[in-house]
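Sequence order for the protein chains is A and B. The first sequence begins at 11 in my numbering and counts up one residue at a time. The second sequence begins at 23 in my numbering and counts up one residue at a time.
Calculated directly from the structure, the hints in this document are not laboratory data. The model shown is predicted, which means the values in this text are computed figures rather than measured ones. Quick reminder that beta carbons are idealized off the backbone N, C-alpha and C, glycines included. Just to be clear, a hint being listed does not mean it is correct.
Unchecked claim - Footprint (simulated), chain B over chain A, 3 or more residues, beta carbon under 8 Å:
| hint | stretch |
| --- | --- |
| 1 | 97 to 106 |
| 2 | 126 to 134 |
| 3 | 209 to 221 |
| 4 | 263 to 275 |
In case you want the letters, here they are:
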Amino acid sequence: MRVFSLCVVLAAVAAASAGARPVATPGVSSNEIKLGSSVPLSGEASVAGNVARGAEAYFKYVNDHGGVFGRKIKFTYLDDGYDPGRAVNNTIRLVQQEQVFAMFSSLGTNNNLAVRKLLNDAKVPQLFVSSGATTFGRDYRKYPWTMGYIPPYSEEGEIYGRYVAKTVKKPKVAVLYQNDDYGRDLLGGLRRGLGAKAKAIVARVGYDPTTADVQPQVTQLKASGANVFMIFAFGKFSLQAYNAVSRLNWKPKIFVNDVSSASALMLAVPQKAANGSISIVFGKDPAAPLWKKDKGVRLFQSILKKYGSDIGSRDLDNGFYTAGMATAFTMVDTLRKAGKNLTRAGVMRAATHLNEKNNPFVLPGITVHTTPTSRFPLTQVRLQRWSNKSWHPFGPMLTAKPR
Amino acid sequence: MRIKLALDILGFVALALLVVFVPHFVADFTAYELAIIGMYFIALLGLSILTGFGGQISLGHGAFMAIGGYTTAILSVDHGVRDLWTIPIAGLVAGAAGLLVGIPALRLSGLYLALITFGIAVSFPQLPKQFDDFFGGTTGIVLGLVSPPFGLDTTPNRWLFYLTWGIALVLLAVAWIFLRGKPGRALQAVRDSEVAAESSGVNLATYKTLAFGISAFYAGVAGALYVMSTAYMNPDVFPIVLSVYLVAALAIGGLDSLVGLIAGAGVIYILQNRSDDVTRWLNHLPILDLNPKQPGMPSVVFGVVLIAVMLALPMGVGGFLRRIFQPLTSRLYSRS
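Could you put together the complete structure from these sequences and hints?
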């Protein structure tokens, strides 16, 4: 009797395991991979929404050239107006209704922080977020499904700090920063980079990302008598800061953080204030004369012309599109690396084993590189200086790798 | 009157049955969307007590929702209170705030009251930014996701649906009982003429502040549920424009029709989350060619739709339904 019941159990187990097919991964079918993103297409940070449009054009280009193992990438991006609450709504909708395979390159530090727990709990990859907040690469033990892309803000700040300590004789530094992890990471890095000269920070003012105008803050900073001005501000706030500097007839040495350094933005501010500004660079700037004949930039422009939606001639010089395309290139690379049998765990494995030397949209010599314990894809940068209405890279390749 | 009562109860039972069965027939995400609509419905119920029956306009109900939302976020994240128990507390905290606002409301009415409450909606988001250690600033507070309690075998979204609509039904019954009796008549008397109401013995101060308190309680509960559903709270989760949407939705639903409010709640949801789809639907009309991806386009389209609805249904959805069903119900009344 006992033997009989054992047989029945075994048979049942065998039947069950034979019947159990591998669970289908959401967002992946035999001919499609769905990716989603939440970006600002309206509001104060809407210029940055072009990152998604650049990525979209690149995915269409890849689809036209056979896709990824025969699968076409379907990329859906929704407008959040740079508002974290709306980013949460968008993300829930993309994951639950659209059933995307992964979230890709959503923009904004707070916006990505707001959905990080939600995505990790659901084991949905949150890949290559458009934010350099250090936590996205550092805290992978707690949030293994999340990864950033651009160099961490803290290291960017440190690079500026070291440069100031080395080149400015008696530095008196004033800092305008966005009062969230983005601005505070930059500020913290700046302090470390200044090292023994950290006291040189004579004034710092944070602003709230929902504020109307930062001119009052800039006025306050000018009153400190600083000769160096750090603009750790985003989108329209960075424009306002430059305008205020010009209006106040202030002549500090200006450093502007990477995410606000697009040529399109720099051209929109008074040139007498902008000239001499310093920033870091890792992507090719399609507006810079240096890259006019570059193969990567040519490819970027031809893709954008053919596959972009609503593209004007000025968009072909817009660095936000290039940034989106660079990120999309790495995404496609990652999907290919994850293999034919695409799973969410597989794509995370691929994303943490990147060694991409051929990204045509980043500076020559930069390798997009990750390991399971070092999850910062871009950690090589150069400095660049603004003059004659364009950026000019200078100096050697620097490391922005957190220690 | 007895037949009207029977009809009301019948309607309530029908709604309750819908609540029980709908989740079995819709997709998981639809259950989530319907739950959010339920939350707006709860807030609108409260607003309808205040504005529809009490005649006091509030353009600040988004702020009461935010107070409820913060109560839930802070209690569950910083103090480890189970999210379910934070709901009544959120209601009470918001209700207390409502009573406080009700006091100046005694001296003001009409446009002036609307302005005061709008001032609250505008200024409230500054508070969490000022005290960001306590409120989490603009970065906000990330909560855990809701999960069905007691090992219930259902998805989080369906659980959210049952929870929200369960609470909505209870609060609907409470509002109905409250408005049917003496307080309801007193409130309507205040709305129609304060002098007349006072001279027939209605205590203006009590009823006006009470209406504000109850109404804010409802908003607080709605805010708590909303924050549980998105697992995130910051000052912009309940934007200023939401306060305006609530009043607009009240007008669409019909100022004093409880069921019309469900339609109003649906409108807010679409307004907040689906206006790009509305733009796409409108493109099916032969004369229109709108680009839903153009920034701002959804809001413009929505504004136009809102105006069209108000022109077509000046008494709101509730008024429209009443006009259709009145011939039927009035015959029932005359027979009784």
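Taking a Cβ-to-Cβ distance below 8 Å as contact, does the stretch 126 to 134 of chain A have at least three residues touching chain B? It holds: at least three residues are needed, and the stretch 126 to 134 of chain A offers 4 whose Cβ sits within less than 8 Å of chain B.
Can you confirm whether chain B covers the stretch 263 to 275 of chain A, using C-beta to C-beta distances below 8 Å and requiring at least three such residues? The restraint on the stretch 263 to 275 of chain A is violated, since only 0 of its residues have a Cβ under 8 Å from chain B and three are required.
Using a Cβ cutoff of 8 Å, are there at least 3 residues of the stretch 97 to 106 of chain A near chain B, or does the coverage claim fail? holds (count 5)
How does the coverage statement for the stretch 209 to 221 of chain A fare against chain B, requiring three or more residues with Cβ below 8 Å from a Cβ of that chain? Coverage by chain B holds for the stretch 209 to 221 of chain A (3 residues, Cβ < 8 Å).
Consistency note: the structure conflicts with earlier hint 4 alone.
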